[in-house]
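Student: Sequence:
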Amino acid sequence: MLLAGCGSSSTPEEQALEDARDVAMVEAANKSEPPLQLVTPEPILLPDLERYDLYGAACNYAPGTSLGTRVVAREADAFVKIDGEVQRFAADPGSRELPLGTRTLYNGKEFSLQLEIKGEGEATADGKENYEGTVTLRDPHGRPVYEGTGLAQCGG
Numbered sequence: 288m289l290l291a292g293c294g295s296s297s298t299p300e301e302q303a304l305e306d307a308r309d310v311a312m313v314e315a316a317n318k319s320e321p322p323l324q325l326v327t328p329e330p331i332l333l334p335d336l337e338r339y340d341l342y343g344a345a346c347n348y349a350p351g352t353s354l355g356t357r358v359v360a361r362e363a364d365a366f367v368k369i370d371g372e373v374q375r376f377a378a379d380p381g382s383r384e385l386p387l388g389t390r391t392l393y394n395g396k397e398f399s400l401q402l403e404i405k406g407e408g409e410a411t412a413d414g415k416e417n418y419e420g421t422v423t424l425r426d427p428h429g430r431p432v433y434e435g436t437g438l439a440q441c442g443g
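Quick note, the sequence shown lines up with residues 288 to 443 if you use this note's numbering.
It is possible that some hints are incorrect.
Simulated crosslink set (DSSO-like; lysine-lysine; CA at most 27 angstroms straight-line) [what the hints assert, rightly or not]:
1. Lys-368 with Lys-396
2. Lys-415 with Lys-368
3. Lys-318 with Lys-405
4. Lys-415 with Lys-405
5. Lys-405 with Lys-368
The following label-pair restraints were derived from C-beta to C-beta distances [stated by the list, open to error]:
6. Gly-437 with Glu-384: 46 to 54 angstroms
7. Lys-415 with Ala-315: 49 to 57 angstroms
8. Ala-311 with Glu-403: 33 to 41 angstroms
9. Ala-315 with Gly-406: 19 to 27 angstroms
10. Ser-319 with Leu-387: 40 to 48 angstroms
11. Val-313 with Gly-388: 15 to 23 angstroms
12. Gly-371 with Asn-317: 28 to 36 angstroms
13. Glu-384 with Arg-430: 21 to 29 angstroms
14. Ala-311 with Thr-411: 54 to 62 angstroms
No lab work stands behind these hints, which were simulated from the structure alone.
Just so you know, even glycine gets a beta-carbon here, dropped at the ideal spot from N, CA and C.
With the hints as extra help, turn the sequences into a complete structure.
Tutor: Here is the structure:
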């Protein structure tokens, strides 16, 4: 006498449907994004400027009410200090050009940086131009993890 195995036997069509459902569940789980982790750029201080040679023509962004520079944007690259480390971002040459040849989009290893300048610049006594500027940092999934608006000062 033969005994049948435990469980129900499926037809090949039923098994194919179950397999497809299981594959879809695994793919959906793998596509889920990690939790959003907000960041706050820190002021770029004199030692940072010296270490990374951040002098010369640039636009410095100081979002919020602080006058501390959070972003230094140059023609080829931009710098942001996150968790005590100054991170370099490469300019996207296909993005729109801003004052001094800076760009609206820069890409880094962990984040992308989007910059915006509104209105006409207001000249300062030392030959620089002040604008209203917006900084947006995005994670690898394109989600904003920081956004701030405030002074953007461009000059050499």
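Student: Which numbered hints turn out to be false for this structure?
Tutor: Per hint list: 3, 6, 9 and 11 violated.
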